[in-house]
Amino acid sequence: MTEAPHRPAPLDLSFSRRYRFHGGLHLENCRAAASDQPILPAGIPPQLVLPLAQHIGEPAECLVTVGERVLRGECIAQATGKISAPVHAPTSGTIAAIEARPVPHPSGLPAPCVVIDTDGADEAAVAGTPDYTQLEPEALLEVLRESGIVGLGGAGFPTAVKLGRRNHVELLLINGAECEPCIACDDGLMRERAQDVIEGVRILRHIVQPAATVIAVEDNMPEAEQALHDALVRLGETGIRVLNVPAIYPTGGERQLIRVLTGHEVPSQGFPADIGIICQNVGTAAAAHAAVNRHEPLLSRIVTVTGDGVRHARNFEVLLGTPLAHLIEAAGGYTEQIERLLIGGPMMGYTVSTEAVPVIKTTNCVLAVTAHSMPAPPPAQPCIRCGRCAEVCPATLLPQQLYWHARAGNHDAAQDFDLFDCIECGCCAHVCPSHIPLVQYYRHAKTAIWAEEIQLRASDIARERHEARLARIDRIKQERAAQLVRKKQALSDKAAGNDARQGAIQDALERVRRRKESAGITPRNTDNLTPEQQQKIVEVEQRRRDRTRQQDTD
Amino acid sequence: MLTAIIALGVLAIVIGAVLGYAAIRFHVDSDPVVDQIDALLPQTQCGQCTYAGCRPYAEAIAAGEADINQCPPGGEVTIQNLADLLGIDPKPLNPEHGEHKEKTVVRIDEEVCIGCTLCIQACPVDAILGAPKQMHTVIVSECTGCNLCIPPCPVECIHIEPVPKTLRDWSWPLPAEARHD
Amino acid sequence: MEFRRFSSPHLPVESGVNTLMRQVLFALLPGIIYMTWLFGWGVPVNLLLAAAGALAGEAVMLRIRARPVGTTLQDGSALLTGVLLALALPPLAPWWIAVLGSLFAIVVAKQLYGGLGHNPFNPAMAGYVVLIISFPLELTMWPAAGQAPDLATTLGLVFGGGLPDGSTLDAITMATPLDSVRMELSQGKDLPALAAGSLFGYLGGAGWEWLNACYLLGGLYLLRVHAIQWQIPVAMLAGLALAATLFHLYDPLHYVAPQFHLFTGASMLGAFFIATDPVSACTTPRGRLWYGLGIGILTWIIRTWGAYPEGVGFAVLLMNLAAPTIDHYTRPRVFGHDSGPAP
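Going down the list, the protein sequences come from chains A, B and C. If you read the first sequence in our numbering, its first letter stands for residue 798, the second for the next number, and so on. If you read the second sequence in our numbering, its first letter stands for residue 4, the second for the next number, and so on. If you read the third sequence in our numbering, its first letter stands for residue 835, the second for the next number, and so on.
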């Protein structure tokens, strides 16, 4: 049983002991097949497909148009919003299309992509060459942001945003503990390019200014550990330590690794920065070095292609946007009919339905397996409540309870058992004697809960709009009614006003006539009228009277 | 005998007084039940329940005039939630009011629209943008799928379409064996 | 090329429910063999009857519930229930006892609740308890240890209900050690006198102690292959021993020594095979400790002060009732949370 975590006390930076987390599995490792050989460049495929969303956060906004020519390293999509990253052209070519294409995602749904027809010339955009190494941390952060670097360990969180939380960082932890079986990209990177990794770590350290900097590797990666040590010696670097951790799956997970090295647990709804730790993958560190010291944005990454479905398992240096088909070709093609094409490892990877999907920033491994090594799972039997799942859960959850409640659609109870603390590592499903696909239940429940929340918010907005509409209609009706009342009032006022005015006119005429009579004046123009003129006057008077009557009745 | 009656009477008065005091002193302000019912309804404002919107339906349920199984867009989930809230048994959706379908939205065919504003007047959530003799268009994000705009349209230019699916909406389906249970 | 979609994880898994059941049946073999040697042909007869009853009951219920019959029967859980029930029953009981018990266990205590994984009570013990309450006389028909009648007599007794040469049942059956202890103690005798008698062996009852040792062996094998976890057996035996030790120290003349309790009756069978039934037991590790402890203590209480000589069956059912509550209060602290959900 794990003891309660230490209070937010200062971290023990001596790293003299390794702590344990609850559960975990000892899995047979098979990365040697790929990492025993040097990394091979995968070459430039005829077409690159670059999704606009290769990271956590808002998708990038496309800056180019169809037909435009782009050069290697040119920014073709800019970051939008606070948590986002730009996308760059990995090689020179022409924009062939900007449309929805299949992307690496378990749903198989397409997403907006920029498609580049490569021209093979690999012409680079001309970049300025200031010496970035003397820059302030803020400026370095800006370089990383503009280079489109995201976490290359698989999650894809924009690195500049993560490093932005750099107040009071005690430990910069570089994660080289590749725990999932078969994945070898970090191992290969550390073996062959340890110097790049160390240079990158130096840059990150300069940005973050931690009290201690550590690179963690698993204890079954001796070559990588040795290569890192050699590089540290060559560079004369004494401020970075290389530590190894027991090879228990999933020690490579950020939270589990922090627990093993420091004994501290990252708070459930929080981040490592909350306890003074920033964790970055070794690949991200190497990319930071390329961005700052070689002025290269993130254009390629190392991908392990392995599994008994490909002829030659290897690590490749792959341009982003390379279709998987091209990679499989480079690995010698399929050995036979394959059962599954996985992106990621055998524990947390997801299947893709077509090899047309491209490699993106978060693609660390491509596993092609036949039915021999991974037969279709037998049908699930009822849960016998044996509790093996709870024994191996690294988050100390009760997977059995989560299963019952997720299956019943009882979302409140599932959340009560901390469903969202599940890291979907797959340990529970791996040991289940009834072969229940537990992780799928949890994923379904999580997405169903999110969908419900979105639905709730949408219906709240719909209610507000409806009520606003009803209020508006009501207001218009009332205004009309008030207007009617006012108009009626005005007319009756007018009528009353008319009578008074007529009376006043008559009085005035009477006064004038009397005055004229008394003065012996008779009006001239009404005397001696011809009968025709008399008739005309009568008609005009009549018309005038009629009009007055008409106005009265309006 | 007399003492028993007196004793029980006194007990009744005392306990009654305590309960009355507690009811006032510890009273918890909660939303009127109409608001609580309305919060559970999907706000489609379609009128399939025979009331002129979700709020009138909520008021009718609170007044005991309407049953809880009259809302097709809400479906079983809403019926279950209403049953839990009101402490009564859930029942199947009443087919007289329609069947539960997945949410759809509508789209105006701009080639055909004549700008008559009849659909704008019909939309209960003002999700159609337009003016007399100007082009009308549906704001898809606000459309609840009530379909009240379709009958008034004199040129039948409004079409029902499924909600556009993106990667963000997608969810893992329940594993096969659980779905057949 | 189109590839199928699967959910992670993708590594193939070796074990299965069938494997688990097979391992348990295998671990029971030493006990079954010794019990047959000790108590005669009645044991395999009971096993066959109970197994047949269990499988038949399960098949009929699965057909009624429209579930796949073949694959479900193959998982071995019904067979195991029948076997465990048979091992708890006296070898000379009439044939309908085993059949009735296994039918009740499978049909009522298991299938009516929803089948494998859904029963709140241990089916074998539910069947046993129903029998002992309804037919207390028939469940006392244990032969004397080591002096079991031959096959013909056994078959005649079990199926025919009568004895070949007119001799009475009393001549063949004998009280179990637990039974005798209760009777003698209630008649005022004290333990040292009993201990010198022929009923008692080195540790526990004569013959019974070796039977329990066989079950212990099987239990250790199950622990070794990780078919069961250590919490329940250890806690149950600890609870039993603790309660017995306390009272034995207090009054050695009237309370039996702990080793007697551990090696007599169904103690070992209960600890390793019956209480560990995962479906009806607690699931959290700490919860299992409390669960096992409770069974051990209740077993001792029922044996000492209760109306029945053997307490395992009732103790298990009582703790089955308490299992969900124990689970609720022993939830482990989740990674990244400050303290657990319930104290």
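Check the hints yourself; a few may be wrong.
[To be verified] In silico DSBU-like pairs for lysine-lysine, Cα to Cα no more than 35 Å straight-line:
{"no.": "1", "chain 1": "A", "residue 1": "1243", "chain 2": "B", "residue 2": "106"}
{"no.": "2", "chain 1": "A", "residue 1": "1285", "chain 2": "B", "residue 2": "136"}
{"no.": "3", "chain 1": "A", "residue 1": "1243", "chain 2": "B", "residue 2": "94"}
{"no.": "4", "chain 1": "B", "residue 1": "168", "chain 2": "A", "residue 2": "1274"}
{"no.": "5", "chain 1": "B", "residue 1": "136", "chain 2": "A", "residue 2": "1284"}
{"no.": "6", "chain 1": "A", "residue 1": "879", "chain 2": "B", "residue 2": "136"}
{"no.": "7", "chain 1": "B", "residue 1": "104", "chain 2": "A", "residue 2": "1291"}
{"no.": "8", "chain 1": "B", "residue 1": "94", "chain 2": "B", "residue 2": "106"}
{"no.": "9", "chain 1": "A", "residue 1": "1243", "chain 2": "B", "residue 2": "136"}
If you're looking for bench data, these hints aren't it; they were derived computationally from the structure.
Structure-based check of all given hints:
1. Straight-line distance between C-alpha atoms of residue 1243 (chain A) and residue 106 (chain B) comes to about 20 Å, which keeps the hinted pair within the 35 Å bound.
2. A distance of roughly 33 Å separates the Cα atoms of residue 1285 (chain A) and residue 136 (chain B); the hinted pair therefore holds under the 35 Å criterion.
3. The hinted pair formed by residue 1243 (chain A) and residue 94 (chain B) meets the criterion: a straight-line CA distance of about 27 Å does not exceed 35 Å.
4. Distance check on the hinted pair: residue 168 (chain B) and residue 1274 (chain A) sit about 40 Å apart at the alpha-carbon level, beyond 35 Å; violated.
5. In summary, the hint linking residue 136 (chain B) to residue 1284 (chain A) is supported, as the alpha carbons are separated by about 30 Å, within the 35 Å threshold.
6. Only pairs whose Cα atoms come within 35 Å are accepted, and residue 879 (chain A) paired with residue 136 (chain B) is rejected, the gap being roughly 41 Å.
7. For the hint pairing residue 104 (chain B) with residue 1291 (chain A), the CA-to-CA distance comes to about 61 Å; that exceeds 35 Å, so the pair is violated.
8. The hinted pair formed by residue 94 (chain B) and residue 106 (chain B) meets the criterion: a straight-line CA distance of about 22 Å does not exceed 35 Å.
9. Taking the CA atoms of residue 1243 (chain A) and residue 136 (chain B), the gap is about 47 Å. The hint is violated against a cut of 35 Å.
Hints 4, 6, 7, 9 from the list above are not met by this structure, while the remaining hints are.
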